[in-house]
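K.L.:
Given these sequences and hints, build the entire structure.
Counted the way the working numbering counts, the sequence shown spans residues 18 to 98.
A couple of the hints might just be wrong.
For each label pair, taking beta carbons as the anchor points, the in silico distance ranges come out as [unchecked claim]:
1) Asn84 x Tyr43: 15 to 21 Å
2) Gly65 x Glu40: 16 to 22 Å
3) Ala23 x Lys88: 32 to 38 Å
Distance condition first, Cα-Cα at most 20 Å in a straight line; then the derived DMTMM-like pairs of lysine to aspartate or glutamate [as the list claims (entries may be wrong)]:
4) Lys52 x Asp29
5) Lys70 x Glu55
6) Lys62 x Asp45
7) Lys21 x Glu55
8) Lys44 x Glu55
9) Lys70 x Glu40
10) Lys21 x Glu64
11) Lys26 x Glu53
No lab work stands behind these hints, which were simulated from the structure alone. Every residue, glycine too, gets a C-beta built ideally from N, C-alpha and C.
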Amino acid sequence: MFLKNAAEKQLDEKLNRIQNNFENNYKDAAQLNLKEFEALLNSLKTEGRIKEKRIAHYEKKLIEFQNQMQKFTHKDQKCTW
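P.N.:
Following this line, the structure appears as structure tokens:
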């Protein structure tokens, strides 16, 4: 078992927020959170606050979400109110 540092906890919180918004069909929020996640990941890499092994893990997650959201449009959102 490994302990996560504060930087990894921040990234995990962003990933959870992306996943929740994605699952609840909040596409704009999910896309915004993904941009925030990418910026945070790049910042933490630049500052050296995250290990290489964990960087690879988070970059893989980033690519997965980017691929899932690639075709998001407002037309996909259904009016439910």
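K.L.:
Next, verify each hint and record whether it holds.
P.N.:
Taking the hints in turn, this is what the structure says about them:
At roughly 18 Å, the beta-carbon separation of asparagine 84 and tyrosine 43 lies within the given 15 to 21 Å, and the hint holds. The hinted range of 16 to 22 Å is not satisfied by glycine 65 and glutamate 40, whose Cβ atoms lie roughly 33 Å apart. One distance hint, 32 to 38 Å for the beta-carbon pair alanine 23 and lysine 88, holds here, with the actual separation near 34 Å. Proposed proximity of lysine 52 and aspartate 29 is supported: the alpha carbons are some 14 Å apart, at most 20 Å.
As the CA atoms of lysine 70 and glutamate 55 are separated by approximately 17 Å, the hinted pair is consistent with the 20 Å bound. Restraint check for lysine 62 and aspartate 45: not satisfied, since their Cα atoms lie roughly 26 Å apart, outside the 20 Å limit. Between the alpha carbons of lysine 21 and glutamate 55 the distance comes to roughly 19 Å, so the proposed pair stays at or under 20 Å and holds. For the proposed pair lysine 44 and glutamate 55, the alpha carbon gap of about 16 Å is at most 20 Å, so the pair holds.
Note on lysine 70 and glutamate 40: the hinted pairing is violated, with a Cα-Cα distance of about 28 Å set against a maximum of 20 Å. With a C-alpha separation of about 17 Å, the suggested pairing of lysine 21 with glutamate 64 holds against the 20 Å cut-off. Between lysine 26 and glutamate 53 the alpha-carbon distance is near 14 Å, which keeps this suggested pair within the 20 Å criterion.
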